[in-house]
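**Q** Using the sequences plus the hints, can you model the full thing?
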Amino acid sequence: MGIGIFFNVPAHGHINPTLPIVNELVKRGETIIYYSTEAFREKIEKAGARYKPYSFSLPQGPTSGGNFVNLAGMLLKATEEVMSEEMNYIRKLQPDYIIHDSMCPWGKYMAKHLGIKAVNTTSTFVFSGETTNKADGFRKKILKMALEEGIGKIFDIVSTKRRLKVEYGVDGKIMDLFRNQEELNIVFTSLQFQPDGAKLGNKFVFIGPSIYDRKDAQDFSFENIGDRKLVYISLGTIANERLDFYRECIKAFSKSEFNVLISIGSKVNKKEFGVVPSNIYIENYVPQIEVLKRASLFISHGGMNSVNEALYFGVPLLIFPQQPEQVMVAKRVEELGAGICITKKEIDSEYLFKKSVYIIESRSFYESAGKIGEDFREAGGYKAGADAILNYVMENET
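For the sequence shown, the working numbering assigns the number 12 to the initial residue and increments by one for each residue that follows.
These aren't lab readings, by the way, just hints derived from the structure by calculation.
On a predicted model such as this, the values are computed, not experimentally measured, just so you know.
Don't take every hint at face value.
[Unchecked claim] Within a straight-line C-alpha distance of at most 30 angstroms, the following computed DSS-like cross-link-like pairs (lysine-lysine) qualify: (1) 282 to 266; (2) 278 to 356; (3) 184 to 342; (4) 282 to 356; (5) 240 to 304; (6) 278 to 266; (7) 355 to 240; (8) 266 to 304.
**A** Written out as structure tokens, the structure is:
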């Protein structure tokens, strides 16, 4: 039985998909030591892993407001600190393998420096050159961000990269900080949903979404929600403090024939909305998987996990992206006919309601979402992921 180290970033969208694989590895006799922050300790330990905190403060959800230049600097700084603080521990432990998120360059660098087999997990699309080229102005946005940050930020990034190369002999392109690909890469979507997936090669194993009972919001009850068609609304767990958006949603559906469930996250107080119509339900947390089993439409920010979960259950989407990578996801959903991407920066209630009704009344959206969901379910899931990891680790060992 082997010992594995798992490095991840403290964000629900990155951690949640990995937990079923971790649990499966533990069931097969593996010991997994999982690095994260205290906010995620309980769910990591419930999956059967040994929680280990980072010895420094990592931001909760390293998005930097979608600014990839800031994010590159943040990841390099974190890499330098993790390598300095944890290298001796990992060297003494001598794990059989390291698993790391695609946003954890420290996992890739440490494995390379110590000569340990490594596996990359990707909770978004695999970002290849073709993928980013197809995104609307993606490279132009990166250049614009670099110019806005100024020469000082770029100099800091280059200096940190140079120090890492001198100290540990590791180096790579700036864009590699967001990919960190290995000889084995586990991707939490399907080959067909991944743009240009067929061109990526056999180093990538597409296992589909890791759907499992997270047992979140266990005190939530569906008893008060009637039998009318359900519209579910959520902007995820990070950039969700959009009271203006929620108010437009309430206004849009206040006199409609739909029941509407809005998940606002922990940072927004429900009292901000006052008394709402009887068909509108506002909660800080909901059991998203259970909600999606009942929903007719998901109005979402376009986070990869949320989109994956919706399509897994054949639920079409109306997507209001908050980050550049979410635009890419939304465009892919739209391209495959499973939803609509809202490109307007500010949306009004009339527009929102019109688009929602259009999707709900169009059979084609459900057919397309259903086909993608079937594809997801056939991809193998967390068991296929565990198989791939263990087979890779055991290669050349007999």
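**Q** Next step is simple, just say for each hint if it's right about the structure.
**A** Right, here's what the structure says about each hint:
For the suggested pair residue 282 and residue 266, the alpha carbons sit about 21 angstroms apart, so the restraint of at most 30 angstroms is met. About 22 angstroms separates the Cα atoms of residue 278 and residue 356, which keeps this hinted pair within 30 angstroms; it holds. Under the criterion of a C-alpha separation no larger than 30 angstroms, the hint pairing residue 184 with residue 342 is consistent with the structure, at around 26 angstroms. A threshold of 30 angstroms between alpha carbons decides the hint, and for residue 282 with residue 356 the separation of about 26 angstroms falls inside it, so the pair holds.
A C-alpha spacing of about 12 angstroms is found between residue 240 and residue 304, which places the hinted pair at or below 30 angstroms, so the restraint holds. For the hint pairing residue 278 with residue 266, the CA-to-CA distance comes to about 27 angstroms; that is within 30 angstroms, so the pair holds. Among the hinted pairs, residue 355 with residue 240 is consistent with the structure: their alpha-carbon atoms are about 26 angstroms apart, no more than 30 angstroms. Simply put, residue 266 and residue 304 have alpha-carbon atoms about 24 angstroms apart, close enough for the 30 angstroms limit, and the pair holds.
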